[in-house]
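S.K.: Residue-level listing of the chains:
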Amino acid sequence: MMNFLKLVHNENIKIYIRKRTWILLGILIVLAIGIPSFIAAQGGGDMGVWGGVGILMYFNFLPIIFSAVIAAESVASEFTGGTIKLLLIRPWSRIKILASKFIAVLLFLLAVSVAFFGIGLLVSYVLLGTGVAGSAPTAIQAQGIWLSVIYTMVDGLLYTTIAFAISAVFRSSMLALALTVIFEFMGSVVTSLVSPEKYAIGKYLLFVNMDLDQYTGSPLGRYGVTSLSFSLTVLAVYFVAFLFIAAYVFRKRDVAG
Amino acid sequence: MNQTDAKSSAGPVVRFREVSKIIGGKTLVDNLTLDVQPGEVFGFLGPNGAGKTTTIRMLVGLISMSTGDIQICGKSITTDFENAIESVGAIVENPELYSYMSGYGNLMQYARMRSNVSKERIDEVVAFVGLTERIQDKVRTYSLGMRQRLGVAQAILHRPKLLILDEPTNGLDPQGIRELRDYLRALAHKEGTAVFVSSHLLTEMELMCDRVAIIQNGKLIEVQKVQGDTGEGTEKTEVEVEFEVGDAAIAVQKLGAGEAKGGHLVIRIEHSDIAKINARLVEAGIPVSGIRVLKRSLEDQFLEVTGGVKS
Ligand SMILES: Nc1ncnc2c1ncn2[C@@H]1O[C@H](COP(=O)(O)OP(=O)(O)OP(=O)(O)O)[C@@H](O)[C@H]1O
Ligand SMILES: [Mg+2]
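These protein sequence lines are chains A and B, in that order.
Mind the numbering: the first sequence is residues 2 to 258 in the working numbering, read in order.
Mind the numbering: the second sequence is residues -7 to 303 in the working numbering, read in order.
No wet-lab data here; the hints were simulated from the structure.
Everything numeric in this text was worked out from a predicted model, so none of it was measured.
Every residue, glycine too, gets a C-beta built ideally from N, C-alpha and C.
Where hints are given, some of them may not hold.
To be verified - Label-pair distances were calculated between CB atoms; the ranges are:
id, chain 1, residue 1, chain 2, residue 2, range
1, A, Gly119, B, Arg151, 39 to 47 Å
2, A, Gly82, B, Lys111, 21 to 29 Å
3, B, Thr70, A, Ala201, 40 to 48 Å
4, A, Tyr249, B, Thr133, 55 to 63 Å
5, B, Ile15, A, Phe60, 20 to 28 Å
6, A, Leu63, B, Gly17, 34 to 42 Å
7, B, Gln128, A, Arg252, 35 to 43 Å
8, A, Tyr249, B, Asn40, 51 to 59 Å
What the hints assert, rightly or not - Here are some chain B residues pointing at chain A (derived, C-beta under 8 Å):
id, residue
9, Leu54
10, Ile77
11, Glu88
12, Val274
I would like the entire structure built from these sequences, with the hints used as guidance.
M.R.: Below, the structure written as structure tokens:
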């Protein structure tokens, strides 16, 4: 176990030694500090901390995309750089190597979340305060924002896993990213074709169940046929399926050329 | 003394058994059966595209075998990968390292994946490959030869029982080649490491190796002992010899070996046994009017294989 953590440590080094990782993190930190500061400068002090974070949430696609970028690079860059050969001839099975990469990628998802939401929350609190003191909506607002943050991280987990799996299967980070984005757009197209309202099978589509924000204020979701627990189950199945395919292909693959 | 005991009692370090690789109907490696012993430098010689790298990729588990099996220290690379690869250090084709890390950073990556590599060992290996001055620089700034040296460093870091080097002299200067050759021979003969080196350069193989296998189109053509630069082994070289005798068929019968070809007796023996065979033939009442060594040297065979012309 101790030794497996060293593999994760290796993968962390590969992520954080690169300048571009810090550029991505830097962009998030600039937004997390900049947006509450801008609001405060505009005299929006009565918005309070939750109002500030609420506006920051409009940019929540950024940490998700950045996390997917790193995930797509993780396996693919070993192939494009040819370093995969020297990596796989160590006394570690391919599954363990892949697992160490996935864990490092999840830790990065955590890092972008902290950089974005954590810092955003802190700066909003300092600059915007708690808003109008003692007003009842604050508690409800706070709960909504927390749920939003958690839902964003669930989406982030899914997109990160999809990018990671595609890159492990196709060995190309560009393809992994392109497919992840196309997936996202195709999602709405497919959903409108196989509408969950008309076809029973529609409710099992990945995209019908993503964006859990659809359950804020409505227990039945966007199409009126899914519930939060149903969606979480479907997402869990997709999550496991993507990882399974990635592991299966990575384990069998001939590493040549 | 202990080392020689270990050498003789332990089995081969590598066992190829009927190994083939077929991709898209094309046979890249064809039914290869071969043993590599501890304490020997084993050369894998063949022209470009012969299947050397493909064989090495199977040996280290990077690609699967279509048929057959390879065992390293008695453990199958297919069914017991982690234990089999434990004893292996390797370079497969060009040593591609993390160019955005320093040489030292790269070695640390591989050191973390083993339990038996100390900081002192890393420094020792770095000094040995002559990279002490540049080891903190990014690999991106290294020359081809320096990358090759770093590749050798990562391969020997954990003192493997089997060291596999695919065209290791690629990009090395004459001094580097000489040092590597001396090192590999010392590693094999003093520490009992099995060294498996591939090359398409005959002269290099002759200087470096104890035995050389020639492969072409994925087929094993020949395994020969060669005379290392220690001078031993000349007389051990196996050769094909043609004896001119009156009746070849009777000669074969009397000897219980060899075959009759074009009216002559043709037999594969060690070079030192030519006189012995001659004596036995004469004793048996078969006069020998001429003796000719058919396959003289590794060079002849390699040239034959590569389509070169004998001088
Ligand atoms: N993935 C592949 N698919 C199909 N053919 C391949 C593949 N990889 C290698 N080959 C073919 O297999 C043959 C052997 O290639 P290999 O790289 O093993 O040769 P080599 O002996 O290492 O040659 P060199 O001295 O040039 O390094 C070549 O004809 C090559 O074209
Ligand atoms: Mg090759």
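S.K.: Against the structure, test the hints numbered earlier, and report the numbers of the ones violated in rising order.
M.R.: 4, 5, 6, 8, 12
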